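Protein chains in written order, with the working numbering: chain A, 19 to 361; chain B, 19 to 361; chain C, 19 to 361; chain D, 19 to 361.
Calculated directly from the structure, the hints in this document are not laboratory data.
Quantities reported herein were computed from a predicted structural model and do not represent experimental measurements.
Be a bit skeptical, because a hint or two may be false.
Any copy, or any two copies together, can satisfy a pair, since identical chains are not distinguished.
[What the hints assert, rightly or not] Taking lysine-lysine and the DSS-like style, the derived pairs with C-alpha atoms no more than 30 Å apart in a straight line are: (1) LYS58 with LYS283; (2) LYS21 with LYS41; (3) LYS242 with LYS41; (4) LYS283 with LYS41; (5) LYS283 with LYS158; (6) LYS41 with LYS84.
Number of protein chains: 4
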Amino acid sequence: MIKAGIVGATGYTGQELLRLLIKHPQVSLQAITSRGEAGKPVASLFPNLRGHLELNFVVPEPALLKSCDVVFFATPNGTAMTMVPELLESGVKVVDLSADFRIKDAALWSQWYGMEHACPELLDEAVYGLPELNREATRKARILANPGCYPTAVQLGFLPLVKNNLVDTDRLIADCKSGVSGAGRKADIGILLCETSESMKAYSINGHRHLPEISQGLNTVSAKKVGLTFMPHLMPMIRGIQASLYATLINQNTDLQSLFEDFYKDEPFVDVLEQGLSPDTRSVRGTNKLQLAVCRPQGGDTVVVLAAEDNLVKGAAGQAVQNMNIMFGLTEIMGLELIAALP
Amino acid sequence: MIKAGIVGATGYTGQELLRLLIKHPQVSLQAITSRGEAGKPVASLFPNLRGHLELNFVVPEPALLKSCDVVFFATPNGTAMTMVPELLESGVKVVDLSADFRIKDAALWSQWYGMEHACPELLDEAVYGLPELNREATRKARILANPGCYPTAVQLGFLPLVKNNLVDTDRLIADCKSGVSGAGRKADIGILLCETSESMKAYSINGHRHLPEISQGLNTVSAKKVGLTFMPHLMPMIRGIQASLYATLINQNTDLQSLFEDFYKDEPFVDVLEQGLSPDTRSVRGTNKLQLAVCRPQGGDTVVVLAAEDNLVKGAAGQAVQNMNIMFGLTEIMGLELIAALP
Amino acid sequence: MIKAGIVGATGYTGQELLRLLIKHPQVSLQAITSRGEAGKPVASLFPNLRGHLELNFVVPEPALLKSCDVVFFATPNGTAMTMVPELLESGVKVVDLSADFRIKDAALWSQWYGMEHACPELLDEAVYGLPELNREATRKARILANPGCYPTAVQLGFLPLVKNNLVDTDRLIADCKSGVSGAGRKADIGILLCETSESMKAYSINGHRHLPEISQGLNTVSAKKVGLTFMPHLMPMIRGIQASLYATLINQNTDLQSLFEDFYKDEPFVDVLEQGLSPDTRSVRGTNKLQLAVCRPQGGDTVVVLAAEDNLVKGAAGQAVQNMNIMFGLTEIMGLELIAALP
Amino acid sequence: MIKAGIVGATGYTGQELLRLLIKHPQVSLQAITSRGEAGKPVASLFPNLRGHLELNFVVPEPALLKSCDVVFFATPNGTAMTMVPELLESGVKVVDLSADFRIKDAALWSQWYGMEHACPELLDEAVYGLPELNREATRKARILANPGCYPTAVQLGFLPLVKNNLVDTDRLIADCKSGVSGAGRKADIGILLCETSESMKAYSINGHRHLPEISQGLNTVSAKKVGLTFMPHLMPMIRGIQASLYATLINQNTDLQSLFEDFYKDEPFVDVLEQGLSPDTRSVRGTNKLQLAVCRPQGGDTVVVLAAEDNLVKGAAGQAVQNMNIMFGLTEIMGLELIAALP
C-alpha cells in the first residue's frame with residue numbers, strides 16, 4: 019500500500035482527492051492536513067465521508083509528511099514550493115495540484131503569480147503531468163506538476179492539430195467555460211450563488227494565469243511558438259469545463275475524425291466522439307474522462323474542437339491520481355474507473 | 019454471477035440501475051429493454067456509459083427475460099403487473115421499481131392509480147422492500163415491491179417514533195421536498211428547466227399517490243391507524259429529497275437522540291447525525307444513504323425529524339440493488355459503497 | 019418629491035430598494051451610503067443601474083442624511099439603532115429594514131441578537147410595519163420596523179386562522195423555504211454557489227431569530243400566546259420564500275376558502291388563489307405580492323396554508339416602499355405595480 | 019392608444035410580450051390568441067399576470083385580428099407567413115417574432131427551415147428590424163421581421179468592426195451561449211431541468227438557422243461576403259445570451275474603445291462598457307439592453323467583442339416593442355425603461 023498525505027484538504031480539489039483516494043485499492047491515507055481544522059474529524063467537515071474515513075485533520079508537520087510515500091498538495095499557489103524541497107530530500111514523491119511547478123521559466127511564473135519562486139532550481143526537474151503528453155517522464159518523476167483545469171482541456175484538444183502541423187498556430191482561439199468550483203472554496207462575494215447563478219460572463223479578459231501554461235505545453239509540440247487567445251467564462255453550475263477551440267486549417271486534406279481517433283486510441287481517459295456529436299459536461303461529471311469532438315462547420319477552413327471534462331477530476335484530482343498511478347508503476351486507471359451519474 | 023435484466027431502462031431510475039449494476043461485482047447484465055430504442059447501443063443514448071457497457075437496447079421479449087435470474091422493472095406504473103406473472107412462473111425473481119405491487123389493497127391501489135390491477139392475487143405475496151422494516155421477508159421474496167422515494171424517507175424518519183408509541187399518530191405531518199428527477203424523464207412542459215428552475219412550490223396538494231403507501235407502512239408498526247398529512251414540494255434541483263417530519267410527543271421523557279441512534283445502529287444505509295446537525299441532500303447524492311436528525315425545537319412537545327436521501331438511489335435504484343443483494347444472499351452493501359462527490 | 023436616503027446600499031435589500039426607488043414617481047434619491055465604496059458611482063458596483071442612476075456612494079454623514087425626508091436602513095443588525103435617534107430629532111422619518119426595532123421587548127431582542135439595544139426607549143414607539151396588520155399605526159409612524167422575510171409570509175398565512183380563533187394555537191407549524199439571497203451579500207463559504215446549488219437542508223434548527231418576531235405578531239391577534247414550531251430551509255435558488263403552514267382546526271365548519279378571500283379582499287398585495295391551486299415563487303418574483311392558498315388535505319382537521327413571496331420585495335424592500343407610501347400619504351401601490359417576468 | 023393583438027401568446031416570447039405590452043402606456047391589448055387555451059383567462063395560465071390582465075385567450079380569428087392596429091406573431095416558424103397577407107390587406111401592421119420574414123432569399127430560407135415559403139413576394143418588402151441597422155426603413159414598415167436572439171447579439175457586436183473595414187471578414191468567429199428559454203416552451207426531453215441543469219455543451223454544431231440570418235445582416239455592411247463560424251452553446255440557466263466574438267484585425271491603429279463608444283453613443287439600448295469590464299447576462303436580464311465590451315488580449319491582432327443580452331427581450335419581445343414604437347412614431351424607449359433585478 020502506498021502511504022499518502024494530502025496537504026490542504028479543505029478545498030475542492032482536496033475534497034475530490036479524498037473521495038478518490040479513500041476508494042483507491044493501493045492507497046492508504048496517512049495524513050490529511052489543515053491548519054484551521056486540525057483536530058477535527060475530516061468527516062465532520064465533509065458529511066459525505068461519514069462512515070468512509072476515520073482520520074482527523076492534522077497540522078502539516080514535516081515529520082508526519084515525511085513518513086508518506088507520496089504527498090499531494092491541494093494548497094493555494096505559493097505553499098507547495100516552500101515545503102517540497104524538504105520532502106524530496108526525505109525521499110517523498112510530490113504531486114502538486116497548485117501552479118507552483120507548472121511553469122519552467124521562473125521569471126514568467128513570477129510575472130503571472132505575483133511572487134518570487136521559492137525553489138526555482140527545482141523547476142527543471144518537475145515533470146508537467148499531462149500523461150497524454152509526458153507519460154514517460156512521469157514514470158520517473160519526483161515532483162509532478164499537475165496541470166491546471168483549463169490547460170488540460172485546451173492542450174488535449176489542440177494537440178493532434180498542432181503536433182501534426184495542420185493549423186495556423188499564430189491564431190489559436192480557446193473559448194472556455196467553467197463551473198464555479200474552478201474558483202475554489204473560499205469566502206468571496208463574487209462566487210456566491212446569488213452572484214453567479216442565472217448569469218454568465220467572460221472573466222480575466224486581460225489575461226488568465228492558465229495562458230502561459232497552455233502556451234508552454236503547446237510550444238513543446240509546435241513547429242513555432244503558438245499565438246493563443248484564451249478567453250475563460252464563468253458558468254452557472256458547480257462542475258465542468260467545456261472548451262470550444264478554433265483554428266484555421268493550413269492543410270484541408272486530412273480526415274480530422276480519423277486523426278483524432280487514432281491519436282487517442284490508446285488513451286484510457288480521452289474519448290473521441292463520433293462525427294456530429296457534441297460532448298456535454300455532465301456525461302463526464304465526477305469522472306476522469308475528457309470527451310472530444312472535432313468538426314469543420316460548413317466544410318470551411320475553420321476547424322472546431324469541442325472538449326468536455328470535470329474540472330475537479332481530469333482537470334485536477336483525478337489526473338493527480340492518474341499521475342500517482344504512473345509514478346508508482348500501478349495500472350494507470352486504478353481507482354479511476356468511474357461512471358458519471360445521470361441525470 | 020447473477021444474470022439481470024432491466025425493463026424500461028431509458029428513464030431516470032433505469033439509468034441509475036445501469037450505473038450501479040455495471041459496477042456490481044456479482045451481476046452480469048443480460049438484457050436492457052426499450053421498445054423505442056431497440057437496436058441502438060445503450061451508450062449512444064447515455065454517453066456517460068461509453069466504454070463501460072457494450073449492450074444494445076432490445077425489445078422486452080419474454081424469452082430473453084426468462085433467461086435472467088432477476089428482472090428489474092423501471093417502467094411506468096401499470097406495465098410490470100402485466101409481465102410479472104409469466105416471469106414468476108419461469109422462476110425469475112422480480113424487483114419492481116414502479117408502484118404496481120406496493121399497495122396490498124387492490125381497490126385502494128385502483129383508486130389512486132386509476133386502473134384495474136392486472137394480478138391482484140399476487141399483491142399478498144409481494145414483499146414491500148423497505149429493508150429496515152422487512153429484511154426477513156425480503157430474503158425469501160419472489161416479487162419485491164421497491165418503495166417509492168418519498169415513502170422511504172418518511173417511513174424511515176417516523177419509524178422509531180411510531181413503533182415506540184412516542185407520538186400522537188392522529189396528526190403526523192410530512193413536509194417533503196424533491197428534486198425534479200422525481201417526476202421522471204418524460205416530455206412534459208411542467209418539468210422544463212425554464213418552468214422549474216429559480217422557483218419552488220407545493221404540488222399534488224389534493225393528494226399524492228405516495229400517501230397511501232406511507233400510511234400502509236406506518237400502520238404495520240403503529241398501535242392504531244395513523245393520520246398523515248403529506249405535502250410534497252418541487253425543488254429547483256435535479257436529485258435529492260429532504261423531508262421535515264413533525265409530530266406531537268405523548269411521552270416527553272425519552273432521549274430521542276439515543277432512541278434514533280440505537281434504532282438504526284446496525285443499519286448500513288441509515289446514518290443518524292449528531293445532535294444539532296441537519297442533513298443536506300448533497301452529502302448523500304448518488305449514494306444509497308439516508309441521513310437523519312431528530313430535534314425538539316425550543317424543548318417543546320413537537321418533535322421534528324429531518325431526513326435526506328437521493329431520490330434515485332435510496333429512493334429507487336440503490337434500494338432495488340440492496341433488495342436484490344438480500345434476495346440473493348449477498349452482502350447487503352455490495353455494489354453500494356458509494357461516496358457522494360462534493361461539491 | 020420625497021427626498022430619500024439609503025444607508026447600506028451594497029447588500030441585496032439595498033440593491034432592491036435602489037431598483038424600486040429609482041422608478042418611484044414621488045421619490046428623489048439624495049444619498050446612498052457605503053463606507054467601503056464611498057466615492058464610486060453606484061452604477062459601477064451594480065451594472066444593472068447604468069443609465070438609470072448618476073449618484074456616487076457617500077459615507078453616512080449625519081448632516082447629509084438629515085436633509086432627507088426619509089432614510090432607509092438596509093444595514094446589518096445593530097447599525098440602525100445607533101443612528102436613528104439623531105435622525106428622528108431632526109424630523110427625518112426612518113424605515114429600518116434590519117431587525118433593530120422589530121421586537122418590543124429589549125431583553126428578548128438582546129437574547130436573540132446577542133447585543134445590548136442602543137435605544138430601548140424607542141422600541142415602544144416603533145411601528146411594526148406589516149401593513150395588513152398595522153396600517154393605521156403606520157400612517158403616523160416616525161420609526162417603521164420593516165418585517166423580516168419569513169415573518170411576513172408566516173404571519174400573513176396564519177392571520178385569518180388565528181384572528182378568527184379557528185385553530186389550536188398551541189401547536190402551529192411553519193415549514194419555510196428560502197432562496198439564498200435571504201442570507202445577504204457577504205463573503206461566507208456557506209452560501210457559495212458550490213455549497214448551496216443542487217442541494218437543500220433545514221438550518222438554524224435550534225432556533226432562528228425570526229421565531230420571536232412571528233410569535234410577537236401572532237400574539238397580537240391571538241386569544242392566547244401561540245406555540246410555534248418554525249423550521250427554515252435553504253433552497254438552491256436566488257430569490258423566493260415558500261411557506262407551508264400547518265395547524266389543527268378546532269372549528270371545522272368554516273369555509274376556509276371564503277374566509278381567506280374575504281380577509282384579504284381589499285389588500286393590494288395579498289392574492290388568494292382559487293381552491294386547488296398552489297402558489298409558486300416565480301410568479302411573484304421581483305414583485306411585492308404574496309400569493310396564498312388554503313386547503314384541508316383529505317378533508318381532515320389539519321389545515322394547510324401555502325404562501326409564496328419574493329423575500330427581497332414583499333419580504334424586504336418592496337414592503338419598505340409600501341410602508342413609506344403609507345407614511346407619506348401616497349397611494350399605497352405607487353411604484354410597486356410590478357409584473358413578474360416568466361420564465 | 020394602439021390596439022394590439024398577439025398570435026401565439028403561450029410561448030416564452032409571447033409571455034414576455036404580454037409583460038411589456040400590459041405596462042406600455044400607448045398600447046391596448048385587444049386579442050391574445052391560442053387555439054389550445056381559447057376561452058381560458060390568460061392569467062390562469064400565467065399566474066404572474068393575476069390582477070394585471072383581464073383578457074381570455076381567443077382563437078386566432080381573422081376578423082378579430084383585423085380590428086387591431088398591430089399584430090405580433092409569437093408563433094412557431096411557418097405560421098405567420100400564412101396569415102400575414104390577409105392582415106396587410108386590411109391595413110394591419112405586423113411584427114413577426116418568428117423567422118418567416120427574416121431571410122430575403124426564399125430558396126435559402128427553405129433550405130434552412132425545411133418548408134416552402136407561403137408568400138415569397140413579401141420578403142422584399144419585409145424590413146429586418148434591427149433598429150441600430152435599419153431604423154429608417156422600420157419607420158415605414160408594414161411587415162417587420164424581428165431578428166433572432168443570437169443574430170441580435172452577434173450583429174451588434176461585429177457591426178462597428180465590419181462596417182469600418184477593420185477586420186478580416188473571411189474568418190469571423192462567434193462563440194455564443196444561450197439560456198434554455200431560447201429553445202422555447204415545448205414538451206421536449208432535451209430541455210428538461212434534469213437534462214440541462216449542471217451541464218453545458220455546444221449544439222447544432224453542423225449548422226444553426228441563425229447562421230444565414232447573421233451573415234445576411236453583416237453582408238449589408240461588409241465590403242465583401244463574410245465567412246462566419248457560428249457555434250451556439252446551451253447554458254444551465256433560464257435567460258440570457260452571452261456572445262464572445264473573435265476576429266483578426268487588419269488595421270491595428272484604431273482605438274477600438276472609442277470606435278465602439280462613438281458607434282453606439284446615440285443608441286438607447288446598446289451600452290458600451292469601460293475598458294477592462296466584461297458584461298454579464300444578469301445585469302441586462304429582463305431589460306432591452308445589450309451590453310458590449312471590446313478588447314485585444316495581450317495586445318495582439320485578435321480583437322474580442324463580448325456581448326450580453328436577454329434573449330427574450332432585446333433578443334425577442336423587447337426588440338419587437340422597440341420596433342413597434344418606431345413604426346408608430348412613438349418615443350423609441352417607451353415601455354422599455356426597465357432595470358434588471360439583481361441578484
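A quick look at each hint next to the structure:
1. LYS58 with LYS283: between (45 Å within a copy, 23 Å between copies)
2. LYS21 with LYS41: So LYS21 and LYS41 pass the 30 Å test inside a copy (14 Å) and across (26 Å) alike.
3. LYS242 with LYS41: Intra 43 Å, inter 46 Å, cutoff 30 Å: neither.
4. LYS283 with LYS41: both (27 Å within a copy, 24 Å between copies)
5. LYS283 with LYS158: Within one copy, since 24 Å is at most 30 Å while 47 Å is not.
6. LYS41 with LYS84: Within one copy only: 23 Å inside a chain, 36 Å across chains, cut-off 30 Å.
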